[in-house]
Structures are given as structure tokens and as C-alpha cells.
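These protein sequence lines are chains A and B, in that order.
This note's numbering puts the first residue of the first sequence at 66, with every later residue one more than the last.
This note's numbering puts the first residue of the second sequence at 66, with every later residue one more than the last.
Hints are computed from structural coordinates only; laboratory data are not their basis.
Mixed in with the good hints there might be a few duds.
Since the list gives no way to pick out one identical chain from another, each pair is judged satisfied if it fits inside one copy or across any two copies.
Dumping the calculated PhoX-like pairs for lysine-lysine here, alpha-carbon to alpha-carbon at most 25 Å [to be verified]:
hint: 1; residue 1: 351; residue 2: 233
hint: 2; residue 1: 231; residue 2: 174
hint: 3; residue 1: 335; residue 2: 206
hint: 4; residue 1: 326; residue 2: 361
hint: 5; residue 1: 262; residue 2: 273
hint: 6; residue 1: 351; residue 2: 386
hint: 7; residue 1: 82; residue 2: 244
hint: 8; residue 1: 335; residue 2: 244
Protein chains: 2
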Amino acid sequence: MKNTQILLANRPEGMVKESDFDIVEQEIPALQHGQVLIKIHFISIDPAIRGWMNEGTTYISGIPLGGVIRTFSAGQVIESKHPNFAIGQFVEGMLGATSFAISDGTGLKVLDISKGSIPQHLGILGMPGMTAYFGLLERGKPQKGDTIFISGAAGVVGSTVGQIAKLKGCRVVGSAGGKVKCDYLRSIGFDEVIDYKNEDLDLELRRKCPTGISIYFDNVGGDTLDTALLHLARGARVVICGAMSQYNDMKKVCGPKNYMKLVTARAEMKGIIVFDFQNEYPKAVKDISTWLQEGKIQSKEHIIEGIQNFPQALIMLFEGKNFGKLLVGVH
Amino acid sequence: MKNTQILLANRPEGMVKESDFDIVEQEIPALQHGQVLIKIHFISIDPAIRGWMNEGTTYISGIPLGGVIRTFSAGQVIESKHPNFAIGQFVEGMLGATSFAISDGTGLKVLDISKGSIPQHLGILGMPGMTAYFGLLERGKPQKGDTIFISGAAGVVGSTVGQIAKLKGCRVVGSAGGKVKCDYLRSIGFDEVIDYKNEDLDLELRRKCPTGISIYFDNVGGDTLDTALLHLARGARVVICGAMSQYNDMKKVCGPKNYMKLVTARAEMKGIIVFDFQNEYPKAVKDISTWLQEGKIQSKEHIIEGIQNFPQALIMLFEGKNFGKLLVGVH
Numbered sequence: 066m067k068n069t070q071i072l073l074a075n076r077p078e079g080m081v082k083e084s085d086f087d088i089v090e091q092e093i094p095a096l097q098h099g100q101v102l103i104k105i106h107f108i109s110i111d112p113a114i115r116g117w118m119n120e121g122t123t124y125i126s127g128i129p130l131g132g133v134i135r136t137f138s139a140g141q142v143i144e145s146k147h148p149n150f151a152i153g154q155f156v157e158g159m160l161g162a163t164s165f166a167i168s169d170g171t172g173l174k175v176l177d178i179s180k181g182s183i184p185q186h187l188g189i190l191g192m193p194g195m196t197a198y199f200g201l202l203e204r205g206k207p208q209k210g211d212t213i214f215i216s217g218a219a220g221v222v223g224s225t226v227g228q229i230a231k232l233k234g235c236r237v238v239g240s241a242g243g244k245v246k247c248d249y250l251r252s253i254g255f256d257e258v259i260d261y262k263n264e265d266l267d268l269e270l271r272r273k274c275p276t277g278i279s280i281y282f283d284n285v286g287g288d289t290l291d292t293a294l295l296h297l298a299r300g301a302r303v304v305i306c307g308a309m310s311q312y313n314d315m316k317k318v319c320g321p322k323n324y325m326k327l328v329t330a331r332a333e334m335k336g337i338i339v340f341d342f343q344n345e346y347p348k349a350v351k352d353i354s355t356w357l358q359e360g361k362i363q364s365k366e367h368i369i370e371g372i373q374n375f376p377q378a379l380i381m382l383f384e385g386k387n388f389g390k391l392l393v394g395v396h
Numbered sequence: 066m067k068n069t070q071i072l073l074a075n076r077p078e079g080m081v082k083e084s085d086f087d088i089v090e091q092e093i094p095a096l097q098h099g100q101v102l103i104k105i106h107f108i109s110i111d112p113a114i115r116g117w118m119n120e121g122t123t124y125i126s127g128i129p130l131g132g133v134i135r136t137f138s139a140g141q142v143i144e145s146k147h148p149n150f151a152i153g154q155f156v157e158g159m160l161g162a163t164s165f166a167i168s169d170g171t172g173l174k175v176l177d178i179s180k181g182s183i184p185q186h187l188g189i190l191g192m193p194g195m196t197a198y199f200g201l202l203e204r205g206k207p208q209k210g211d212t213i214f215i216s217g218a219a220g221v222v223g224s225t226v227g228q229i230a231k232l233k234g235c236r237v238v239g240s241a242g243g244k245v246k247c248d249y250l251r252s253i254g255f256d257e258v259i260d261y262k263n264e265d266l267d268l269e270l271r272r273k274c275p276t277g278i279s280i281y282f283d284n285v286g287g288d289t290l291d292t293a294l295l296h297l298a299r300g301a302r303v304v305i306c307g308a309m310s311q312y313n314d315m316k317k318v319c320g321p322k323n324y325m326k327l328v329t330a331r332a333e334m335k336g337i338i339v340f341d342f343q344n345e346y347p348k349a350v351k352d353i354s355t356w357l358q359e360g361k362i363q364s365k366e367h368i369i370e371g372i373q374n375f376p377q378a379l380i381m382l383f384e385g386k387n388f389g390k391l392l393v394g395v396h
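Chain A with its partners taken away, still in its complex shape (with noise of 0.2 Å):
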């Protein structure tokens, strides 16, 4: 039994290339007391990797060059010297990009297969599912009749806060690259949706907002962001989840050139960190599986296999070319 890696090769610049990352085959060692080992079923392929890949910052360390790439990853429990944790169990945690994982336990979470797959409980019931439902509903604080724009839609954070959203009453409009994606929002319930690539965005939301932005849910920053500023309502809510198109460049970030239109709309921006709603998770969890269980939201995911696919996966991600929250199948 050898366990495939993907380690760091170098610190990329701007975007990320294959040869950033080294594959490797290692043994595994033997397992020491208060350790489990888990076979890796799946990885998860997250726009806070390519964060992790820079040297750290005072609030993100980053991963040593020669280091596994950080990760979340789930599987099941194939050996256990740990009291917590029983051979067959399935588990998600930082486990990293490898096909096998050693834990101590730290930050192992024990996974409910009841409630959803195990590629559900990376996406919509895991860390992406849980910064699009405290997102949109304490961030956001969506009201019966609000407009809502999400640019990003189609990804597991954009397409989950949308069909919250509508749950809540809300008229959703999402911004999405290309007819596919376009086509799978109004098929998830999206009232409107602009193609990004394709149409004029400005133009679009003068359409499709006509009354005005209530909340805008933003995952790419940038220009979009930008443009989004200038159509918001008075008293809008700005959320700041990601800035998918500035994660590559971080030192020449553009910042949000309209925001003195925050002061005329009397409108907010507000971040969203998921862990500060650590303790929130159980209900947020319970909500989302009981939707999915009825019908009334759906997940996406997309599975590319092998883990010698990753790099790929990775770049695909940030090309936006992943159609549903991106996974990492390891046999």
C-alpha cells in the first residue's frame, strides 16, 4: 500500500501551474497510539488553496515549499489507535492531498452519511454550504421581496445562497460564465440570470435589478464587484465572501473603485469568515440536509478522478471551468 501525495514544488506566481506541485509516492508509516488511519475517498478543490500556496501572511500560514497541499478531504477510517474514532467510520478534516491520512484527531469530524454523500458533506453541508447559508442569512439578512444579486452563482456557495434566498422570498439574479451554467440556474429556480462572458453586466443589472441591488453576495471581486456597487438599492447589504478573480495576484488586487457608493445607497459591506458560526454548524446542517431531503434546494458536484488530477483540478477551478462544487475522486 504506497500513498500517493501532491506536495509543493514552488511558491507559484499569479496563476497556478502544474509545475507547482510534485507528486510523490510514500510509505505509510506505522501508526502510533492516538493516531487513525483514513483512505482518502475524496479531496476537495477550494479557492483558499491557492491562498495557502503563498508564504504566510500574520493571519494564514502558509504550506512549507516541499509540504503536502492543504486541503479538506474525507474518508473512511481504515485503522484506528484512537478512542474516538472506530475502523469504517467516514470523517472529513484538513487531511490534505493524499490518498492516505494520519489524524490525531484534531479537527476530525465524524460524518453523518444519513444527512448526505460524502462529496455533499465537502460541499453543500461542508464548509462551502455553511459560508453560503451564515452568509446570506446573517450577512445578508435577505427580507421577503429583496432583490439579491450573486455574481459567482453557479459555484456550491453562489447556487446554495440562491436557493436559500428563494426560500426566503427573494428575487434571486446570479451571474454565471456561459450558457451551461446559465441554463443550470434557471433550471435551480434563479429568476434571472446574466451570462458574464457574454452579455454586458452593467446593462444586465439595469435590466434584471430594476429597482436596485438589497443584498449583493460577492465570490470574484473585481470588476464585478465594482459594477455591482453602482446598482445597489438604499440600504443594501454588500457580503464579501470571495474575490475568485483576484485570488491569483493578491499584490495587485483592484479594489472596488465605486465605493463611495456605499455612502449615497446607505448601503454596508461586511465580510463572511464561516468560522466565526463554528457552533451554528449542527442547525445549519440540519436545515440544508432537510431541503435537500424535500427537494427544495439541490447540490452539484463535479468529480475529476485521480489524484494525479489535481493540478488540473486546481487550475480548472480558478479558470472557472468546473461546473458544481469540484472534487478530487482517489481511489
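Fit chain B to the given chain A structure using the hints.
For chain B alone, kept in the frame of chain A given last:
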């Protein structure tokens, strides 16, 4: 009796120039029923004037070419055919850059001279003072022990915010340009002062706000806003009041590229539009005039004599060469 008026000759590109104005003498027309004639004593020089000189937008109508420059001005009623205004009363309103103004009473406010001088009524007891009061108390929400950082601190808004924040138990740090203004800020009780013309803002904020900024009151925008964002304490409030560094060229506004710090600091960014608090002005005027009379806060006015010096006064404002609330005195 001739009426000297300052007219808009050109829409300025970038910084205002003397050639953007015409100075003319006009006859004063006969007063109609329902009108009052006001001898202007002081014209308020405010950053907003620069915006009004541009072509209008959906939410601000521009001054027409050849029209009288829009300003807040104050003076004395010398003739009245309006039942609500009597000869001898001191009044204030959007009366323009003119030595005599005719008003139908719309927006005209009778001044209570027992509460402060006419210059004070255009400054610390007028729109700038109200902006400081509500911007700090309603948007900044100061708590005892908070560290507040104020840019453009030597201006009437900034110095008033700082003094009220001291009364509310905050540690007050301000930035201003040059030793004279910095010394002034110390003399009115600022705990720490940063001379942005001669000191490194980032370094000084690290030194002078070692636990971070709880409230950032932004009067200037640009690089100062960007740097301040990096020093936000957890849960900080960013109050966008002005963007003095940006008004002369709103087409090339520099957006805050560090806006993602709002996310990591769990901070919020909001604006202040003073007119939203119009119904509460009397309470603010009462509080501020009481503090002035008790010597708990101080005001400072900078008066340029002669209406013909209006263009130079406005240029002075944008060059940061005034020291205190800038007014043009009209004889």
C-alpha cells in the same frame, strides 16, 4: 447696492482653477411677495462644491454652466415679504456664492446666535458638525476604550469627531499634514497624531494603534484608506465620510485594494449621509453648543475675507492649506 456673484465658467477637469469661475456684478431685483432678501456674511467652503461643479448624475444635479456656485451661506435678513422671516434675523441655507441672496424660504433656517457665532453655525453647528456627530455616534458607535483613527483630522469634521470621541472615552489618533496642524490636534486632546506629509502612515499606525483600529473615520480615501484597512481591529467599523484625495478626479478613483481586510477583521464599511439625520439635528446642536460653552470641545474657523477670493479659497481647501473650517467673509 450691487450684488457680487461667483458663476461657473467652465466644468473643471481635475483640480479646480481660478479660470473655472466668473466674478460678476448684478443688480438686485425687486423683492416679490413670499421672498426675503439676505445680506450674506459668510460663504461656507465645502468639498461638496467640487462635485456640484461636475455635470449632474442621477443623484446629484450639477450647477448649470453660467449659474451661481452652489454653497451653504449665512447672513442677515434685510428685507422680507415672507411671513416667517423678519428683518434682522440671521439665516442660513443653500444661498450660493453671492453677496446678496433672494430666497423664498425653502430650506432657510433661522440661526440661534446664542448657541454660537455665524461661522460656527456654518461649521461645527452646521452640516460639518452634524456629519461629525452622527457619523461618529450612529455609524462609528464608539465604545469606551475603542481606538479611533481619523484621517483629515484637522478639518472641521475630523477635529469634531476626535473631540466627541474623547468625551465618549475613546483613544483618539488623527492624521494631518504638517507640524502646525498636528500641534493643534494635540492641543485639543488627541492622544496621538500622525503627520502624513512627514511620517510613514503604515509604520505610525502600527506604533500608535498597537491593538488595531476599532473605528476608522475616513475623510480622505485613497492610499490612506488602503493603509488604514490593514490595521483594523476585529469588529472594526469603517465610516466613509469623504474622499478629499479623490474629489478632483472622480473618474480615476483609487478603490481600496485592501477591502478584503474587512472580511478577515470581521469589520464593516458604511457611509454617512448627514441629511438622513435631519430630524435629529436639534439634539446634536444642543449637545455640541453645550460642549462648546462648557469648554469641553473647541472649534476653529479660517476666514478668507472678500467674495472675490472665493476661487482661491476653494483651491486652498483642496490643497489642504486651510486650518479650521474654511469660510469666505462677505462685506
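Within, between, both or neither: residue 326, residue 361 at alpha-carbon 25 Å: neither (35 Å within a copy, 35 Å between copies)
Alpha-carbon proximity between residue 335 and residue 206, which holds within one copy, between copies, both or neither at 25 Å: both (12 Å within a copy, 16 Å between copies)
Up to 25 Å CA-CA - residue 233 versus residue 351, copy category: within (17 Å within a copy, 44 Å between copies)
Tell me, please, which holds for residue 262 and residue 273 at an alpha-carbon limit of 25 Å: within, between, both or neither? Within one copy, since 17 Å is at most 25 Å while 47 Å is not.
Please sort residue 231 with residue 174 into within, between, both or neither, judging by C-alpha distance up to 25 Å. neither (30 Å within a copy, 48 Å between copies)
25 Å Cα cut-off: does residue 82 pair with residue 244 within a copy, between copies, both or neither? neither (27 Å within a copy, 51 Å between copies)
How would you classify residue 335 and residue 244 at a CA-CA limit of 25 Å: within, between, both, or neither? Neither: 31 Å inside a copy, 36 Å across copies.
Intra/inter-copy verdict for residue 351 and residue 386 if alpha-carbon distance must be at most 25 Å: Intra 30 Å, inter 61 Å, cutoff 25 Å: neither.
The structure is inconsistent with the numbered hints 2, 4, 6, 7, 8, although it conforms to all the rest.
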